[in-house]
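Asks: Each chain is listed here by its residues.
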Amino acid sequence: MNPLLKEIRHNPMLWLLAFVPVVFAAAKVKPEAHTWLFALSVLAIVPLAALLSHATESVAAKTGDAAGGLLNATLGNLTELVIALTALRAGEYMLVKASIAGAIVTNTLFMLGASFLLGGLKHHVQEYNRVSARLQAGLLLLATVALLIPSAVATADSATKAMFTQPLSVGLAVLLIVTYGLGMLFSLGTHRELFASAELGEDGETPWPIGLALATLAGVTVLVALVSEIFVESVQKAAETFGMTPAFVGFIVVALVGGAAEMASAFSGARKNRLDLSVGIALGSASQIALFVAPVLVLLSYFIGPAPMDLQLWPGAVVMMLIATLTAAFITVGGRSAWFVGVLLLMVYLVFAMTLYLLPPQAH
Amino acid sequence: MNPLLKEIRHNPMLWLLAFVPVVFAAAKVKPEAHTWLFALSVLAIVPLAALLSHATESVAAKTGDAAGGLLNATLGNLTELVIALTALRAGEYMLVKASIAGAIVTNTLFMLGASFLLGGLKHHVQEYNRVSARLQAGLLLLATVALLIPSAVATADSATKAMFTQPLSVGLAVLLIVTYGLGMLFSLGTHRELFASAELGEDGETPWPIGLALATLAGVTVLVALVSEIFVESVQKAAETFGMTPAFVGFIVVALVGGAAEMASAFSGARKNRLDLSVGIALGSASQIALFVAPVLVLLSYFIGPAPMDLQLWPGAVVMMLIATLTAAFITVGGRSAWFVGVLLLMVYLVFAMTLYLLPPQAH
Amino acid sequence: MNPLLKEIRHNPMLWLLAFVPVVFAAAKVKPEAHTWLFALSVLAIVPLAALLSHATESVAAKTGDAAGGLLNATLGNLTELVIALTALRAGEYMLVKASIAGAIVTNTLFMLGASFLLGGLKHHVQEYNRVSARLQAGLLLLATVALLIPSAVATADSATKAMFTQPLSVGLAVLLIVTYGLGMLFSLGTHRELFASAELGEDGETPWPIGLALATLAGVTVLVALVSEIFVESVQKAAETFGMTPAFVGFIVVALVGGAAEMASAFSGARKNRLDLSVGIALGSASQIALFVAPVLVLLSYFIGPAPMDLQLWPGAVVMMLIATLTAAFITVGGRSAWFVGVLLLMVYLVFAMTLYLLPPQAH
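Residue numbers (this note's numbering), protein chains in the order written: chain A, 228 to 591; chain B, 228 to 591; chain C, 228 to 591.
The following block holds chain A by itself, in its conformation from the complex (with noise of 0.2 Å):
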């Protein structure tokens, strides 16, 4: 019998996939039902994150955890690419700074978070590659203070600002994209020896066949990026109905709905005691989006927008980013965890989510 078909009857939450037509369905139909669309599109990606979190894990099996976990994270970062492309070409480069540097913080604080924290309830103390995480700590550190320097020496002037920002952000933007190519030629090959997993953890799941799971990662893949599109129009309007703040939108709505699928096998390889998966998806995830997504998007911004995009942020996001981005190298100085360790990285993401809920709208 065929793997995929075997996994849908024996994993209850895979039944959700039924809501994968139905969304597409009232989205043709029914195009103004935002709120209704906004949580058929949310079913929809559960069990497509987790479709996608089990062919990754099969492919990861046959290459290792390093190359799994980069893996993991371009195919999970689709998603925000899309969403990213999508408000840049309709112009909304509030929208796309926010939810990029909503993914980072949410990348780094909740999905880390909340992977010590559930590994951390089923194993007492995990270990994981240090080096690793320093490397993707320090990646992101670098990021950050791209994204901070131009804020924090920039005058008050607007007219200047402008012919200054510009420049510097396209410069910044290659800067970037070739440190984390440089960062990739360190980890995958000069000194890939140590970057190894610590352990392997229990295996208890038959990994599919790697073509199945090639063709599933695509498939899903190709799914999870519609989905999202409709999730994305519905999710502004929605949010409304709800009284949310577009910041609290931007930056934890949408990041948290567009990394489900790597969250799912970030929370999985900790229940696992895979560590090292969980640790190179979270981080990997959130220096990828800084140092290539976030680039790539400025440099796109030429072509495809209505007009340049630069890299400034508003003030609080810088803030929260450096936050984010100095908690998690102080966390993952030690290479251990505990449940603890998680509980600490989610109140600072609660503490963040709880200011960007208050926040009065014209704030930002």
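To be clear, the hints were calculated from the coordinates, so they are not data collected in a lab. Just so you know, these numbers come straight off a predicted model, no measurement behind them. There's no promise every hint is true.
Since the list can't tell identical chains apart, any single copy or any two copies may satisfy a pair.
[What the hints assert, rightly or not] Below, a list of computed lysine to any residue pairs in the SDA-like style, where the Cα atoms sit at most 25 Å apart:
(1) Lys349 <-> Gly416
(2) Lys499 <-> Glu420
(3) Lys499 <-> Thr417
(4) Lys499 <-> Leu421
(5) Lys233 <-> Gly446
Go by the hints and put chains B and C onto chain A.
Replies: Coordinates of chains B and C only, in the frame set by chain A:
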């Protein structure tokens, strides 16, 4: 013979206990002699602090260093809590906030630094349990973030700001108290074994019986609280006489005298090479003030103050808290100490004290 | 044969020494040819720096790496001191401050980063004494705090600000010098054994006799100082010709050329797998400028400048110093290095350089 009387006979510092009735009498007879009352109350607090130190060590000897350190921090912070509650009832929110921020900075930099210096002058290199230090540093970082984010994100518009700051402060207060409780569950419950002391040190003194120790702990704490009230009433006026700014008084003087009891314990632990006790008292006390005393005051302000109090500090205080916390986190990564580590912490504290001393009064 | 002449004959780079008399002659004959004088003085400083490097290594071979590193940093910073004193006498306080902050940032990011990169391209993984690196990082953090706090706490009112900034700067200067002295007592005195080198590396060259080494050290330092003065006079005008902003010149160009002598030593140490020497020079030099050169200039400004100089930098410079110091502290926690660690440090430096290069002139 009663071990308490024996202790008093052999320790000349305890002869200063004679000043306790003197300060009460003076406060009754000459309530307007502020400079005298200030000097007398400081002289009375010193021997009480020394007694408290011995009593706490006796209990700690029976319960282990982690529980003993927590006990010490709890009772030592009663002083700070009494001071703050008095000021809260009088509606002096500026003084409450300054004494909270000052207590955190003083514990993290002065108490920890002086412990490292005093211990290091006697012992070449000292080791301590860095897992415990990192937990406290992590808690402090979280509390600093909770105090920093509202200021960093808030708008300049003061009307919407009040509407936003008040519910946010209540939410953050609840978050901090929950985290503090979970932190105790972690360090005293599920992962107790990680927080065991690295070494016990040479212990010269014989501990008191547990009954006498607990009775002394309770009685002396009450006396400290009563003397502290006279101290708080006189310190502002006395400070003016000596030409000190209000910022310096709230941040430095109140915090130093308010923490005298804990400092005596921490310094004596460091001299006896029980640095675990010192670090536990210094950082444990700082994180208890940040995650328990401060939020409790915010919540109590709805019942006993003239108006609700929020968690927003003036920017300079937040910067000092952030630097103090990051410095402590950086310093305690290694779990080893020598005298110069103490010098570095004390110098950062001196930079703060010097700045506050010279600050023009209208600045904050 | 004289080992100095032998060295010059075998090392083609030293043939550039011919430019030393040329630049002196040119400065006499054509003092207004700024672009030429700039180019000639850079060409003359390079071989002098190389000579200084070999002489210092010869002395270091006799005294151990820690003392050798200190010696190197002391003499290397003579250049910076001479530059700053010249500018101080002329009352150009902005240039003095920019060159101090620039030298700290350049040493911490560029010199350390390039050492890691050059060493890492030859050796797979390099180890160095992290106790020493952490001491220097701690000193740098203290100095950054001392420079940061006055700006963070100060009021906007410029009249009271001057009254407050001037005595505070003197107090902080004394504090920094005392800490620097205590740090030397610690690293060269009471806890010397912690700072011993982890390894010695392969040493191909035969060291010079100590007499020749010391004489070369002294004579070449004087020549560097004289050439540096011509360099400083010409650099501002030459920079305008090349379209560089004043901020870029003070922060980047002066710091890079002023530190050329130390860089030659640090890079050669890294290539020979003596990374202790490189890290000692880079961080030792940065902390010496922050804790010794800068405070001495503040105190000397009361005697030789037209008006007293304070320690306040423009906010962008403080942010850059803070980021450079935190990055160095984060990077050197582990005591191990590979080529990509150097890339990360250099990229942070490039972000700064790019921002300063594009910054509109009126911005600082």
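Asks: Next step is simple, just say for each hint if it's right about the structure.
Replies: A quick look at each hint next to the structure:
1. Taking the shortest Cα distances, Lys349 and Gly416 sit within 25 Å of each other only across copies (16 Å), while inside one copy they are farther apart (34 Å).
2. Within a single copy, Lys499 and Glu420 get their C-alpha atoms as close as 23 Å, and across copies as close as 24 Å, so both meet the 25 Å cut-off.
3. Taking the shortest Cα distances, Lys499 and Thr417 sit within 25 Å of each other only across copies (20 Å), while inside one copy they are farther apart (29 Å).
4. For the identical chains of this complex, Lys499 and Leu421 are neighbours both inside a copy (22 Å) and across copies (23 Å), given an alpha-carbon limit of 25 Å.
5. With identical chains, the CA atoms of Lys233 and Gly446 are at most 25 Å apart within one copy only, with a shortest distance of 18 Å there and 71 Å across copies.
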